[in-house]
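From first to last, the protein sequence lines are chains A and B. Per this note's numbering, the first sequence starts with residue 1, numbered consecutively. Per this note's numbering, the second sequence starts with residue 1, numbered consecutively.
Bear in mind the hints are in silico, worked out from the structure with no lab data behind them. None of the values given here were measured: they were computed from a predicted structure. No residue lacks a Cβ here, since even glycine has one placed at the ideal position from N, Cα and C. Each hint should be verified, as a subset may be incorrect.
As the list claims (entries may be wrong) - Here are the simulated distance ranges between beta carbons: (1) A:R27 - B:E413: 47 to 55 Å; (2) A:R72 - B:G221: 34 to 42 Å; (3) A:R27 - B:D21: 26 to 34 Å; (4) A:E24 - B:N28: 24 to 32 Å.
To be verified - Pairs of lysine-lysine residues, derived as DSSO-like cross-links and limited to a Cα-Cα distance of at most 27 Å, are as follows: (5) B:K176 - B:K220; (6) B:K220 - B:K8; (7) B:K182 - B:K283; (8) B:K195 - B:K220; (9) A:K2 - A:K45; (10) A:K45 - A:K126; (11) B:K202 - A:K118; (12) B:K202 - A:K2; (13) A:K45 - B:K195; (14) B:K283 - B:K33; (15) A:K126 - B:K33; (16) B:K407 - B:K8; (17) A:K123 - B:K8; (18) B:K33 - B:K176; (19) B:K202 - B:K283.
To be verified - Over 12 Å on every C-beta distance to chain B, these chain A residues come out as not near it, computed from the model: (20) E37; (21) S40; (22) K45; (23) K49; (24) F62; (25) A83; (26) A109; (27) A110; (28) N124.
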Amino acid sequence: MKVIVVTGRSIAQGRSKESKFSDEYARAAATCEVDPEDLSTLGVKPGQKVKLTTSRGSVNLFASVSSQSPHRGIVFIPFGPWANSLMDAETDGTGMPTLKGMEAEIEPAAEDEVLGLKELLAKNLKERGRT
Amino acid sequence: MNVENVIKGVVCPFCGCCCDDLEVTVRNNEIAKVENACALGRAKFERWNEGRIVRPSIRSDGKILETSFAKAVERSARILYDARYPLLWGWSCTSCEAQKIGVELAEEVGGVIDSTTSTCHGPSIIAVHDVGESSTTLGEVRHRADLVIYWGCNPLHAHPRHMSRYSVLSEGRFRKRRGERKMIVVDVRRTATAKIADEFIKIEPNSDYEALTALRMCLKGEELEQESIAGVPSKKFEELIDEMVGCQFGVIFFGLGLTMSAGKSRNVDAALSLVRDLNSKTKFVIVPMRGHFNVTGANEVFAWQTGYPFAVDLSQGYPRYNPGETSGVDIATRHDCDAALVVGSDPISNFPLEAARNLSSIPIICIDPHETATTSVSDTVIPSAIVGIEAEGTVYRMDGVPLLLRKLIDPPEGVSKDTEILEAILNEVRRIRGGR
């Protein structure tokens, strides 16, 4: 299913962002809020896993029912390294990457793993970075 | 001895609201209780000691080794001195005093200094260069505003006390009750903030520019030919502009919904222009919802030191400013920087993957109180005192009002303030240069 990804602050992400390697931060940021009808169309229940893919990358996340619906076709992901696995570094001459409004594909991913921060960094940075 | 001290009038070091009415109880050099803070501010105080770094470390042959402060400083200075084009990034979670030393260091090593402005309201500043800004203080809004519009922001999650201290839920001199103010939210989702608004206007993603332009057309008396614009019936824009013109003191608070989506600085251009034009009919102001508690201070300090508010390139020996070229994400994405100094920020988490990946492949010096994704890939890590809890310093609130953060408790033994660490690195760079 095609969706638009919007990233942003959530209370849970903001409360845990200074304890980056905590389970609480992973629970707050490795998640996405999906419109309930979209979730139903996907056949995904709250708490189950989904995979999001953009032109820049893909990431597995836990899906939750958005409390801010209806917003069919929009998926919200809290700021953080999971969201940024998907986002475009192109700044259009402004210095600001496109962190809201990116086109993505969402699909069920029951068999896949949602990575913790250490594992996500190891996967994302392994090509050229050091982990 | 069990010594307890209640400190009143504490400024919160979390978001750009910089609420200055917190009461913090300190017992035996620990934070025992926090009152008046929101959920975000409370977490910062109550968990100040979680995930702390207390010893400097360096990376050697892939291993992380504890080291002394002096050796960490020496290594940091050497990395920055040897770098061809270092990026000095972060700065929004530290004091103006530390930012000032940062600018001096950037000049000394011929690098680029940029703050997280680049990834929040940088496009807003670019738009202000083009259009200007009909601005105000939050106190004026509190006392006078009868129409408050939150556009592309969700303060209940990002600035939880903004409404109760400064806008619709506050008691002002001339607007005392909620009923004396109208609150409108424009956003792509019915956010928690939208749910408590008098009116919510849901627009399509990436269509803020169209919506703002429609409002400008209505203000000029031009007819909207389409039946709907940005997913909103055109008639709604006519009604909204009537509300805006009809108020006595209106304000638009805008967030990253404008700066991070298609159009970026042009969205803010349209918002600033709308507010400018509204002032021919009534009093109207506009204020960006700044995120980190001293990101505004970084803009102030960089501007008074170099002439430019962010993304300042000092590699030529004089300041250059060209967001899109001299901004942190662009430099990292192009793989231009060959070393980075990161102060109180986590670009490995917060940059798009391509930029983060490039950054992780160069030597990073990270000054931070806590473990982060960036400290985990850094060459050198120097722990710092938490500004506003363990160190004092000046900050600027989102509306440009300077406030003083206080030191409430001592930092862990051996942990220095940002100002002391940066001063030590600067002095060491100068020593290396002098001995060349």
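Unsatisfied constraints (hint numbers, rising): Violated hints: 1, 5, 6, 8, 10, 11, 14, 15, 17, 18, 25 and 28; rest satisfied.
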